[in-house]
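**Student:** Chain by chain, the residues run as shown.
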Amino acid sequence: MSTENDTVKTPQKSDYDDKFGSAEQQETIEKLTQSDYKWGFTTDIETEVAPKGLNEDTIRFISAKKKEPEFLLEWRLKAFRYWQKMQEPHWPNVNYPPIDYQDAYYYAAPKPKKELKSMDEVDPQLRETFEKLGIPLDEQKRLAGVAVDAVMDSVSVATTFKKELAKHGIIFCSFSDAVQNHPDLIEKYLGSVVPYTDNFFAALNSAVFSDGSFCYIPKGVRCPMELSTYFRINAANTGQFERTLIVAEEGAYVSYLEGCTAPMRDENQLHAAVVEIVAHKDAEVKYSTVQNWYPGDKNGVGGIYNFVTKRGICLEENAKISWTQVETGSAITWKYPSVILKGDNSIGEFYSVALTNNYQQADTGTKMIHLGKNTRSTIISKGISAGKSQNSYRGLVRVSKNADNARNFSQCDSLLIGDKCGAHTFPYLEISNTTAKVEHEATTSKIGEDQIFYLNQRGIDTEDAIGMIVNGYCKEVFMELPMEFAVEARNLLAISLEGSVG
Amino acid sequence: MLSIKNLHVSVEDTEILKGVNLEVKPGEIHAIMGPNGSGKSTFANVLAGREEYEVTDGEVTYLGQDLLDMAPEERAREGVFLAFQYPVEIPGVSTSHFMKTALNAIREHRGEEQLDAMQFLKLAREKMQLIEMDEKFLHRSVNDGFSGGEKKRNEIFQMAVLEPKLAILDETDSGLDIDALRIVANGVNKLRSSDNAFIVVTHYQRLLNYIVPDYVHVLVDGRIVESGDKNLALRLEEQGYDWVKDNDAVTA
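Going down the list, the protein sequences come from chains A and B.
Positions 1 to 502 (this note's numbering) are the ones given, in order, by the first sequence.
Positions 1001 to 1252 (this note's numbering) are the ones given, in order, by the second sequence.
Treat the hints with care, since some could be wrong.
No more than 30 Å apart at the CA atoms, straight line, and that leaves these computed lysine-lysine pairs for BS3-like [as the list claims (entries may be wrong)]: (1) K85(A) with K67(A); (2) K420(A) with K475(A); (3) K475(A) with K1151(B); (4) K446(A) with K1151(B); (5) K475(A) with K1122(B); (6) K281(A) with K388(A); (7) K401(A) with K420(A); (8) K475(A) with K1136(B).
Everything labelled a hint here was simulated from the structure, so no lab data went into it.
None of these values were measured; they are calculated from a predicted model.
Extracted from the complex, chain B is given alone in its bound form (with noise of 0.2 Å):
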């Protein structure tokens, strides 16, 4: 699904990822962990599409098309999906029209056919009860005065409507209380399936006992030096990220 090579990207002239490789198949669930700075939320928002972001070398491929050629917009109505770290307001907006406007841009690059604001409200209720998020919101403007937990779920209530192919979770188990995570978690545990995948960027260990990962990923200064299964969380969460950043770069 996902294939990236070598993948080298520059913020305002610093080089921020030197190299990262990476393969996502379908079904599958990728947790990126990595010490404050090490290039995790550059690397959530470069696949995303984010112009600031500046690619120097390497290649990534989505579905057999080379994905850092496509507009955001483009890669988000192929099925990519950001949840973002820190979700944007945009005061006077209904949740629920920017949700509608947003999925019937992708269900006409789809071919698929327009639905209706009842249509729409009815799905839109559906998804808002899976993250335990009060239909309120629906009316509310996007994200604004929402609180930080709220926001987030927010996040996961758009994934949710939307149903990427590969979503990419940016930290969204930050600002969140036990509560709110386990909700968020579990939302994330009923999209899953066979045909999408999960990138889920994350700097704790504890959103992995809920989100049970197929791979964990350690990137440190811009490069992935260590590859594993679950376990790896769990070690690091012991012991730290020290130990690893003493390690060759590897390939995942």
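Okay, chain A solo, but in the shape it has when bound (with noise of 0.2 Å):
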């Protein structure tokens, strides 16, 4: 095992300040007030591409173009200006040749797909991919683009889960239809917890954020359905500046998949997104995300910059919110799934598998923000590590000072396959209460010549084994996906695991 295979760092208060998130982000958890500003706009809308480049111009333009309302024009500008004042974060554990961000577009409507008659005309190698992946056929015609026949047509599918969504008083569409449709919610809650100020990529999205998902669960509704279904349905081109809001009233509960496991293939190679969450009193509220973004050749050639901002606050008591993640894809991965735990009595969770392989870099993990009474969170991290990967688990746990009687148990598991990938483990503490129990285990081995040996004496070949050695490590956290995803990522891990053993 090299050197690099296991480094632990315990960093201290000083480090953390700057950087695992900007002094900025810290402000988060006060309310921001956010000044005024009008602005008219007069942008032409003739075009359909907004010209290389971002000012702003462009940003009237994308404005404009969606036909938003001033206070969204407003907050857009107002991001961009602080983001021109920020810097690129450097702190993660991560490499990549500077970004040119004038050198990209920033809105262009979605090019249709060519569409295909049959799944004999679909890239035989995606089809294999699907099959391993056990995505049902009509699922496997959608994703590669191939036309559904009428009865499982996409749309009429859509429309009979909107009715029985509707029935619930349930809203569930596209953020640009939520702005047109709910301007109200949306003036409310954008930015309350993910404000654009938060940092350099949130402010980036804040000011050119090109579409995504918006879901309010009224007061007292349970969702009715996994809203994962409906949102594979409908995963069309969002973009590369995805924007995500999420509102639980009180005693509201849903259950959120983000994402496909099948390969998503993407010419952008930089994507930022923004997830909110909100959870009022006794309301909970399970995202769970299956990421597997192209994430390069062997040879760590091309592949997506993933760099997610995803954040939730349990407003009010009782409130709960769990992220669960699988994350396999992305040349880089630079993301960490938080909670602001302010209701008294409010639990956060984080269940996250971070998988690289080849020259994949990953820096992931959570932070959890004890602000209420009697506040729990949970964390499970597996990282496994496999061909010439880097992959960082960075968590933080803050227990402020009027939070008594917190509790947070950490678990940060590091798996090693091969001896040229490296785990690394930077675990924050900021404890500023004595009633504070606070638990943290960590772990790293090496897949074991032993396991593999064991069930290759079976008959099992070594391919095989290691995803079952790896699925099983991973089990505690397939366990808190849906069942149908559960399966799914299970094969997806074998699959991205494939030709790590030499």
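Since each chain sits alone in its own frame, please combine them into the complex, following the hints.
**Tutor:** Given below as structure tokens:
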């Protein structure tokens, strides 16, 4: 095992201040006052593509194109001006060449994909992957861009779902639709958890976000279905700057799944999404992610930079927010789904599997900010490094001085496959209340030759053996996933590890 | 079935096996006995294809094929089974999932149909009864948190599910109390047929009271120095290994 394989650093508080989140980020906990800003817009909206580059005109163009109300344009512009003063952060344990933000298009109408007539026209390699993942045929067709027959027409399915949801008063639509139809809710909650001042990429997203999803569960309503199903059917081009907002009113419940196990290719290299969750009293939001963006080739060429800000707030007592993520894609992943535990007795959970292979880099983890009394958080992180990849867990548990009897349990495990990869753990603890109970467990292990041999000796080949061992290692996290995705996620891990053993 | 000629094996440049010869026919049970460090476990592991063991000379033919040329999983699929001395824990993987995958890999190799979950569960339950194990072990992670005795019984359960042609038991008796020993032996005896063969590697004679061998071989310092019937085991029990150590190497 190389020395690089096994780094555990215990950072000091001063480290945290400049390395893991800026001072601005910490202000998030308090409400941000936004100064009034008036700005009319006169942008020509004849063209479909904004000129290359990023300036105030681009933003006005986007906002006008989307017929946004004035408050939103102002918010975008404030975000842009703030972003201009910011520096791209370099504290994550990842390396990439500088990004030229002026050398990109920030608005283009989605290009319709060429529709194929049957599965026979689909790339055989892609078909094979679908088979391995166990994705149903109709969905395979949709993902590959094959015309679906009338019965399984995705639009009609979507309509059926929409009717069912509407019956319960649930709003679930694209972010753009929500801006048009529910501007009051957007104005109230947009930026309330992740303000545009939060960080460099969140500011950029706030200025130029293309589209995303909005979900609102009214008081006392338990969403009758996984919003995943619907989402997968509508996972159209939401663009590289996606924005999601989920609001659960008092006593509401929703389970939401983002992403897809199928390989996602995208021409945009930089993805900077923002997800905000607001959980009111007694509300529960379960947010699951499966991320399988293009990771680049075996030599580390290409691949998506996935720089995401995800945060939820348990606004009032007994609220619960649970993040579950399975991250196997992207060349670089940089995300910390977090929970602000403001309400007394509120609960935050983070379950993560992050797998890196070849030259992938991941710096991911969570922040649990305990503000209310008797707040509890659980962190289970499973990192898997293979090939020449680098995989870091970075997590913060902060107990503020009023958070009496706060409890946290963290378990961060790293599994290494081969001896050219790296696993790193950066746990940060900031405890300002003596009644807090905080437990942290961390392990680093190498996938055992003896385990592989044991499975080989029972007739299982090495690739399947590794898949089986890794899936067993991730079981605690997969148990948190909705059933149908747990199966696909298991297959996905096995596929992502293909070729990791020489 | 199995023909071993002049087998030399090294581990990290130290020669452990120094010319072992053995012939095993279907229906036979061979016991390999010997003092600690004589090479018994190396012998068992090299037949199963463990990588760290380097064959420096000799040949092993199994059902007409060059066994040493086959990958461990190929050997398993062709019916070679090793009951491990130290069964390995696989956290998070249920015993039923593990065994279903293994059995279906072997069945695929044989050109047989795959068993679905229900068919497999029915079979697994029968085999569990054979070794008097509670069905709940099927749902537990492989060997994870099992006692020493439970792990050994789990090995025999796996053997019962996979129905190997050649089963090698590597000190399956070590760490077993007398009841567990009887259960394990009973399981092996029920699996015995005229088509399969067993190689039972053990330090002590007591297992052989329950699994009666056709041949007993004494391995000392990497060579089989004495071969005989079950009475040889009894003599070793009474007199220890010292008297055979002085004998010259003989061919089984």
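**Student:** So, for every hint listed, does it hold in this structure?
**Tutor:** Consistency of the hints with the structure:
1. K85(A) with K67(A): Roughly 28 Å separates the two Cα atoms, so the pair holds.
2. K420(A) with K475(A): Measuring from Cα to Cα gives roughly 25 Å; hence the hint holds.
3. K475(A) with K1151(B): 22 Å, holds
4. K446(A) with K1151(B): Holds. K446(A) to K1151(B) sits at ~23 Å (cutoff 30 Å).
5. K475(A) with K1122(B): With Cα atoms ~25 Å apart, K475(A) and K1122(B) stay inside 30 Å; holds.
6. K281(A) with K388(A): 46 Å, violated
7. K401(A) with K420(A): 43 Å, violated
8. K475(A) with K1136(B): 18 Å, holds
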